[in-house]
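For this one, chain Y is given, so just place chains A and G on it according to the hints.
Residue numbers (my numbering), protein chains in the order written: chain Y, 126 to 467; chain A, 92 to 380; chain G, -8 to 242.
Since no wrong hints were added, every one of them can be taken at face value.
Going by beta-carbon spacing under 8 angstroms, a handful of chain Y positions derived as facing chain G:
(1) P318
(2) R324
(3) V340
Residues on chain Y that point at chain A, a partial pick, calculated with CB under 10 angstroms:
(4) D244
(5) L384
(6) G424
Per the computed footprint, the stretches of chain A lying under chain Y, defined by three or more beta-carbons under 8 angstroms from a beta-carbon of chain Y, are:
(7) 173 to 182
(8) 195 to 204
These aren't lab readings, by the way, just hints derived from the structure by calculation.
All values reported here derive from a predicted model rather than from experimental measurement.
We put the beta carbon where it would ideally sit given N, CA and C, even for glycine.
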Amino acid sequence: MNASSDVGYHAQRHARWHYGEAVFWLAVLACGFVFPNRYLIMTDILRLALFAMSLDLILGYAGIVSLGHAAFFGVGAYAAGLLALHGIVNEPVLALIVAGLAAMVLGFATSFLVIRGVDLTRLMVTLGIALLLEALAERFSNITGGTDGLQGIEMQPILGEIPFDMFGKAGFFYSLAVLFVLFLLARRIVHSPFGLSLRAIKNNPLRAAAIGIPVNRRLIAIYTLAAFYAGIAGALFTQTTAIASLDVFAFDRSADLMLVLVIGGTGYLYGGLIGAVLFRLLQEVFSTITPQYWQFWIGLVLVVIVLVGRQRLHRWMLYVPNLIIKQVAGRKAVVAVPEGDS
Amino acid sequence: MTSILTNLFDGVAYGMLLFVLACGLAVTLGLMNFVNLAHGAFAMAGGYVCMVLVNRMGWPFFAALPLAFVSSAAIGIVLERALYRHLYARSHLDQVLFTIGLTFMSVAAVDYIQGSSRVFINLPAALQGQFDVFGVGIGRYRLMIIVICGLLTIGLQMVLAKTRFGSRLRAAVDDPRAASGLGINVPQVFAFTFAFGCGLAGLGGALSAEILGLDPYFPLKFMIYFLIVVTVGGSSSITGPFLASLLLGIGDVAGKYYVPKMGPFVIYTMMIVILIWRPNGLFGRTAAR
Amino acid sequence: MTIALETQNLEKQFGGLRVTRDLSLKIEQGARHALIGPNGAGKTTVINQLTGVLKPNSGRILLEGQDITDLPVHKRVLRGLSRTFQINQLYPDLTPLETIGLAVSERLGHGGDWWRRMGTRSDVNGEIADLLTRFHLLDVMNEETVTLPYGKQRLLEIAVAIAAKPRVLLLDEPAAGVPESERHDILAVVGSLPRDVTVLLIEHDMDLVFSFADRISVLVSGALLTEGPPEQVARDPQVKAVYLGEEAVNV
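Isolated chain Y, as found in the complex (with noise of 0.2 angstroms):
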C-alpha cells in the first residue's frame, strides 16, 4: 500500500460502519418488538435523543455552548401543532419538515448573535433568546393557547397511510425512521472536511481561520442545521403526543438536554442516543424514590459527573462495550470514542 492509499484508508478511519452501531440500530428496532406496551416512554427516548443530537452537532463538534437550544424545539413544536391544528399542512412528515424548517430559519437570524463573543455572551444570548420566546408565547396566546397551550390537536395519517394509533406504535417506528434518517446525514456530515473543521474550530479558532477556514460561516451552517434538527425533535414532540405547550421553552428542558448529552458523552453522535436513554432510566428510578424532587437527583449527577470529570466516567462507561465490540471485531475497531472537550 503507498502512502497515499494508506492517507486515505486511515483518514476514513472513524466514518467507516463499525460492527458495533449495526448491533446498536437492531438493537433499537427490536426495541419496537420486545417490548409493545412501553411505545410512548420509547417514543419519548427516541425524540430525547434526537433533541440531544442536534445539541451534540453545535456543543459536540463545533464548541458552542447553549443554554437555550429548547428555543428550537419549542418552534419546531408549535410550528407542527399549528399547522396540525389550522390544517395548513395535513400529512405529518412534511409539516414536520415544513416546522424543521421554520425552527431553521430562527436558527439561521439568531446565529449571528450567536457566534459572536465569548462563551459566557453565548450563554446569555441563547438562554435569552428561549426565554423572549417563551414569553412572545405567553403573550400573543389567542395563537398558541398560552399557558394551556394547543388543544385538540388531531394529526392524520402518516404519509396518508399509517395512522396514528393510541398505542404509539405507529408514533414509535415513525420517530425511530425520522431519527435514523437524521442520524445518517449527521454521520455523513461530520466525517466530512466540513465536519472535521468544525472539529478544529471548536480545538483552536485561532489557528482554524490561519489554515483559511472561515470560521464564523462554517458556525452558522451547523448551529442552523442544529436548529432544524431541533425543530424535527420538537415537531415529533407536537406529533406523537397531540400537544404543545408553553414548557416546550421552558430552561429545564435546555439543561436536561446538556445533562442527556452529559451523560452519553459529547462528540460522537451516539452520546445523545446513549444519554436519553440512560436519563429517563434515571428520571424513572429518582421519581420512584422521591416523586416530587428527583431533580434534586439529576442536580447531583450533574455535579458528580463534572467532579469526577466526564472523560474519566466515558471511558469506564465505555469499557465494557468496547471490550466486546473487540472481542467480535476481532481488531482494534473502537466503536465509541468521545471525543476529549476542553
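What follows is chains A and G alone, placed relative to chain Y:
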C-alpha cells in the same frame, strides 16, 4: 408625572437590590472567569434563613438581615473550598453543568424542606405602607432598600478604592497572573471575595423576598437577571454592574407598568441588543476573557 | 524586482501605547527576509497585523500589490499568506493526518464539502501523504496531536502552514523551544523551502538569522531601526548597542 417618578423610584430600588444580589457574581466572573449559574441559590439561602428567623423564631427583621448575610457567606466559603476551586481551570461547559446541577439541588432541597409556595417575611410596621412627598408615592420598604443598598454600594466602593485588600482585589481582577507574581495570594483573595459576594447575595435575597418574591424557584427565575447585570455591566469595576442594575431595574419596572402585556419581553430584547452592540458589556471590558 | 509583501506606514496602538510606529516594510519576491529585534519590540504584533488577527489603527498592508488590510484572516490565507505561530497553535484532539488534511482541503476549496467523506479524494490524499513524509510525521499520523513529542508538534506547526501552499510564509520563531536534538529537522525543513516562496522570519536566535536570511530588518520599540543585508546589519553600531544592551539584561 407623579406616576413616572413613583415608577422611577421603584425602579431604582429594584435596581439597587439587583446590584447587591449580583455584584458577587461580577467578581466570580471577572476574577476567576468562572460561570457561576448557582449564584441565585446563595441569595435564596439568605432569604429563607431570614424568613425562618423572623417568622418562626420571632427575631426582629433588622437582626435577621446580618444573619442572612453570614449564613450565605458561610455556605459560600464551604462550597468554594470544597468544590468550586477544583473547577476554576475547567472549561466553561463544565462550570455551567456543575452550577446548574447545584442550582437544581438547591431548588429541590428548599422545596422539600419549606414547600414550593411563595413565602413572605413578616415586616415590622414601620416598613409597611407608603408616604407622599410632593404627591410622589414613596414606599417605606423600598426607601429602606435604597438606603441600605446605597450605603453598601458606597461602602464597597470605599473598600475597593481605599484599602489594601481593595487594591489587591483590583490587581487580581485586572491580571491574575501578574498579581500572583507580585505576591498576592489570588486564591485567598478570591475565596474571601467569593464568600463576601455570597453574603451580599444572601442579604439581597432576604431584602428581595418582599419585592421579587421568594420561592424555591428563585435561583432559576432570576439567574438571567444576575447574568444580565454582569455581562451588560462588565466586571472591570463595580460601577459597570451598578449602572447596569439600575438600568435593568428601571427598565423592568417601566416595562411592566407601561407595556404590561409585553411582560419580560422588553428586558430580554434590551439585553440581546446590548450584547450585540457591545459584546463586552456597556461599561468596560469583557467579563469572560 | 517585485514586492511580495509590503506595509505602508503601519500604526498600532494598545490604549496609549504605540506598539507599531509608522512601519513601512518591503519584502521582495523570493526573499529570505528576517525581522529581528529585542524582546518587546513588537515583532509578533506586526505578524498579527499582517495575518489579520489584529487590525492596524492606520496604514496599509499589500500582498503582491493588492490591498489586504481589511481582509479577514482566512481570506488572506487563500490569497497565499500563511504563518506559523511562536507558540504552537494546533488542534489537540486531531491527528496530524486530520490537521494537514483540513488545511489541504481548505486550499483546494473542498473545506465546505459536507457530503463527501474525508479521505475519498485522491488529490487531497496524495498531498497529505507528501507533506506527512516530508515533515517526518507519517509514523505518527494517527496519534492525537496532544500526545506527540514537542519536536513533532513543531514540525506539524510548520507543515500546516506549508499545506496552505503559501506564496508568502511568515515564520514566527520556528525553532523556539525545540530541544537541540530535534533542532536539525526543523532547520533542514526551513532551509529546504522552495525558492519561489517568500519567507519572512521572525527570530531571536541570531545564528539562525544570519545563516538563513539574505536581508534583515531591525525593529525597536515598534519602529524600524535599520534594514539591509546581514553583513551590514551585523556591523551597524546602533544594532550592536540595542543587542548589547539586551544581552547585558539577559545575563
